[in-house]
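Below are the chains, spelled out letter by letter.
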Amino acid sequence: MTQHSVQEVKKTTCYMCACRCGIRVHLKDGEVRYIDGNPNHPLNKGVICAKGSSGIMKQYSPARLTRPLRRKSTAERGAGEFEPISWDEAFAILEERLGKIRATDPKKFALFTGRDQMQALTGLFARQFGTPNYAAHGGFCSVNMAAGLIYTIGGSFWEFGGPDLDRAKLFVMIGTAEDHHSNPLKIAISQFKRNGGRFVSINPVRTGYSAIADEWVPIRPGTDGAFLLAVIHEIIEKGLYDRDFLVRYTNAGQLVNCDEEDDEFGMFLRTEVPEEEACYDPQDKLWWDRKTNRPVVTHSEGADPCLLGEFEINGTKVKPAFQLLVERVKDYTPEWAEGVTGIPAATIRRLAYEMGVTARDQKIELPIAWTDAWGKEHETVTGNPVAFHAMRGLAAHSNGFQTIRALGILMSILGTIDRPGGFRHKVPFPRPIPPCARTPNHPNAVQPNKPLDGMALGWPADPDDLFVDEAGNPVRIDKGFSWEYPLSVHGLMHNVITNAWRGDPYRIDTLMIFMANMAWNSTMNAVEVRKMLNDKDENGEYKIPFIVVADAFQSEMTAFADLILPDTTYLERHDVMSLLDRPISEFDGPVDAVRIPVLPPLGECKPFQEVLIELASRLKLPAFVTKEGKRKYRDYPDFIVNYETEPGSGIGFLAGWRGKGGEKHLRGEPNPNQWEMYAKNDCVFHYELPKSYQYMRNWNQGYLEWSQRNRITRYAEPILIHIYSEVLMRFRQAARGKGFSRKPPAHLAKRVETFFDPLPFYYDPLEAQVTDRHKYPLAAVTQRPMAMYHSWDSQNAWLRQIHAHNVLYVNTHTARINGIEDGDWIWVESQWGKVKCIAKHSEAVEPGTVWTWNAIGKAAGAWNLAPDANESQLGFLLNHLISEELPSCERGSDRRVSNSDPITGQAAWYDVRVRIYKADEKVGAGETARTEPQFAPLKPYPGQPERKSIWNYFAGKNQ
Amino acid sequence: MTQLALVIDLNVCVGCHACVTNCKEWNTSGPAGPLVDLNPYGKNPTGTFFNRVQTYEVGEFPNTETVHFPKSCLHCEEPPCVPVCPTGASYKRKEDGIVLVDYDKCIGCKYCSWACPYGAREFDEHQRVMKKCTLCVDRIYDTTLTDEERRPACVRACPTSARLFGDIHDPESEVSRAIRENGGYQLMPEWGTQPANHYLPRRKTQIRLREDELERADNPLKIDRQLPKPAQAEPALDDVTSW
Ligand code: SF4
Ligand code: SF4
Ligand code: SF4
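Line order of the protein sequences matches chains B and C.
Take the first sequence: its position 893, counting from 1, is numbered 885 in our numbering, and each next residue is one higher.
In our numbering, each residue carries its 1-based index in the second sequence increased by 51.
Mixed in with the good hints, there may be bad ones.
[Stated by the list, open to error] Between beta-carbon pairs, the in silico distance windows are:
id	chain 1	residue 1	chain 2	residue 2	range
1	B	D627	C	E146	53 to 61 Å
2	C	L265	B	K672	32 to 40 Å
3	B	R499	C	Y107	50 to 58 Å
Hint data in this document are derived by calculation from the structure and do not stem from the laboratory.
Cβ atoms here follow ideal geometry from the backbone N, Cα and C, with glycine treated the same way.
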């Protein structure tokens, strides 16, 4: 029975979400017959998810853009009226416009990208152009998770590291629904459960992964910090912390200046030892040695520091960092946390004990010898098998950074960092705290016709690293790296449109958006932001003069473009998942991967990478042209092979098969046949580290030197965990007017001083602080379903049958109190706006929370769905209720700040407070029952494929 | 006699729908296809899927279980959908127990779908014939495929390996063992249909902590000199007993 005649099987990498599984695409007569998981791929090991299996319907979607389009001169922006133009015309328009900007004021060009995974290239383009105004979506995604943990343990979850479920005995998932990440986590959780592990999920909602947890612990949104601090409290109180780990591998024993009068208050005490050359974080801090009862340099042979107590050195009061932590959590009792989180104190205690006792009593010993950074040899690697995973549920709150610091500290006091059964890093992490990349710190870094003098995004270590002018005002359009959001390491894409529209800090000329739906689900306050996008000044000019959107699909955003550049799908292009960007490394070593086209581009689609290389060559951006100004790279594949970070560095986008004949790895000269070698090897390069380099990497001499030799990190020094964050303290110091570094403008001093606490603390999310909680008693959050990646898949005929419209899930009891029956139409209202939607009773959500699936609701006609499609009539968008700005907390000020974490600028999506009440209509009571607000339906653009009304898809027989 | 079947482990199924769309993707371009989609980009899209996942909430807050429940034709050993078919289009194979529909003989009368107590049959409104899960009969006997590939599409796709495939009449098979050892059960056995597909129930792991496990001799607080002691002011027997 072999009727099927699959003619070709090509391997590439999936991109139906950001997980990047290896896939095999089976083609029949040039059409996609089947997509399955590649069994040889380290990430997904042959499995595939619902999205990945629906790639066919993305490839042949009617939402696809196939021609460059220009807004009709007669049409208003946003009306979606376009005329096709040639690529030559499109490039000519861009070359002229961008050329002028670059020659005058490069910051008037802003490039912001969505979930694109080519930030190494887009970032290079922006930097070479000379604009500081570049970022990807991280600021509205999970920058708190990245920054909170990287500033604490030198690594974070997902691409950077994760729970070692292979060896864990207890797994605590907090604030994760089903994304981040997808297949690898599904594989790992199911194996973990089969092996008899215990899985606890802490989440306001029980869906997805939480469904199969052994215990679901409902929690109020935004209160995770209170829970974690109370757990830390209990673990310390019962002596369940891993003392040996804290002493040797963290700064817990380091002495902090506790003399409030001293200029050095809050800073570590240091010896006078001269700094070694090229030292990033010199080991010159002090312990109070228990045995000799005097201060010694940390890690002195034979010394053992006091973790608790108070001492005096030359008249200065000092305390170990751990003592300060203990003082900090003193009042964070389970009883206190119960009132904040809604979790019974007894449950908090029990969970703390489960964590502490499992970590202590179920130790793993692997017979792997290794040497630590202080030269001490260890015969084994020890693991305390308690693993955590957390994501946007913690991150997307304005208290997220400090919450995530608390999580990092909990993981550390349990002794689980880069150890078997705990948290494990993925190369290029661990990196120094903070990593070495910096933005410029002065507006002069932006000069006509010059590349930006520094990175557009970096990791500030103290106030002098901020990207501000003399007066302390931001240089970036999103106000990233300014005193408002000092550690905004991923930028604040969510404030770009509002800031550019208002001209605060300045006006820009051209906004280029790649793959981000900033007029809909990727923006807060969508109704107003849409108005800003086509608002005009007194001269009748658009306040944002020119908007370019590059995307493969028609969306709410493309409607606001002046110029649309049609991108290809993932099956039609080359791509790299690079170590320079966000690779797909495994715990055991670095992994990078590629996409290789399996189909020709549809119509005139052009990969955005090619667009950037063409533009860069035309604009003669130095990295893309020879000294004579001639184009250096034929195309993107050529660029990937031949580009080196510096001439002769041997470091390029791909780490595999380098060197002339492909004989080298990680570093080596360009290999002209690199793509072919990836193609032959399942499109993936996996370098397995020697076992002795696979654990304890923050302090593993062998690993650190390997990492340095391969130019993954600059330094080979141990990366001590920051239980106490001196980095944060430096900002607080500056805010107090102390120290030598820059000082914040007066109106921000209080804010910086408050939030830059060197130890984690709990505060109500900022929005809650400016909300009448009696009027808006409920928290409203979203989750991303497993079968849809944000807004990407409503155009997908199969996936939209799984989620054609979303409803608002309300705890049954809460609904009844509000007179709401299952299926009623209701209004959800925040202080910023209101939305009409369908309510659904649920027992799987805590009573103070309402929630819905993210980004299912669409604007009528968007994504080339019929104007009466369920997505726009029954489904809704919660973003209309969320403000992108908050009134500043200063009394008597009309200043606004971003609705974001005050440390990192992370968009505080999940802070919104709402109330719900019944709408007049009943479901099915007639055609009028539909969601609100509504927008004028969008029409299909020229060149878009037909929207079929019946589809019998059969590969090889469709055309 | 062989009876092929799926065993679905509800203990690990996360409701991701991989099995749903991978099944559709495989089968729409195969001998059982196409699997039509009506109104694919319009109001109320509906299409043919051989496998669907439903989600239920069980219990009351906070003791709620969320159960994801994948369901396709259960390849009953006593399939009521077979005898009701007037043309013989609906049949059960002797050699492996797979229940199939011969589209050429099907007249679209829908008797079988009324007879099926599980709602597993899918009427193709366009072609006007009855369709349903074939256990990927076109894969599992295809000798051009590797052993790993000769499994139903849904089984291969499932990221949690929640779907096992094999012969439930062979006591040594992986599926028989899973049913035996993990309390595998049939859906609505009272109907007498003897569904071949089985489900494995949720299983919970708990940690039991004993009081005396909390404090140990090597408690680090002993080193850090802070082992919790009752406050001086707390009442003691010493204060009140005088014998
Ligand atoms: S998880 Fe699914 S959508 Fe994401 S990359 Fe993997 S197969 Fe593709
Ligand atoms: S693919 Fe597996 S985990 Fe996903 S819904 Fe199907 S059975 Fe469940
Ligand atoms: S599940 Fe329904 S369709 Fe399948 S064999 Fe049983 S009765 Fe027939």
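We went through each hint and held it up to the structure:
1. B:D627 / C:E146: 53 to 61 Å: For E146 of chain C against D627 of chain B, whose Cβ atoms are near 55 Å apart, the range 53 to 61 Å holds.
2. C:L265 / B:K672: 32 to 40 Å: 57 Å, violated
3. B:R499 / C:Y107: 50 to 58 Å: With a Cβ separation near 54 Å, R499 of chain B and Y107 of chain C satisfy 50 to 58 Å, so the hint holds.
In this structure, only the earlier hint numbered 2 is contradicted, and the remaining ones agree with it.
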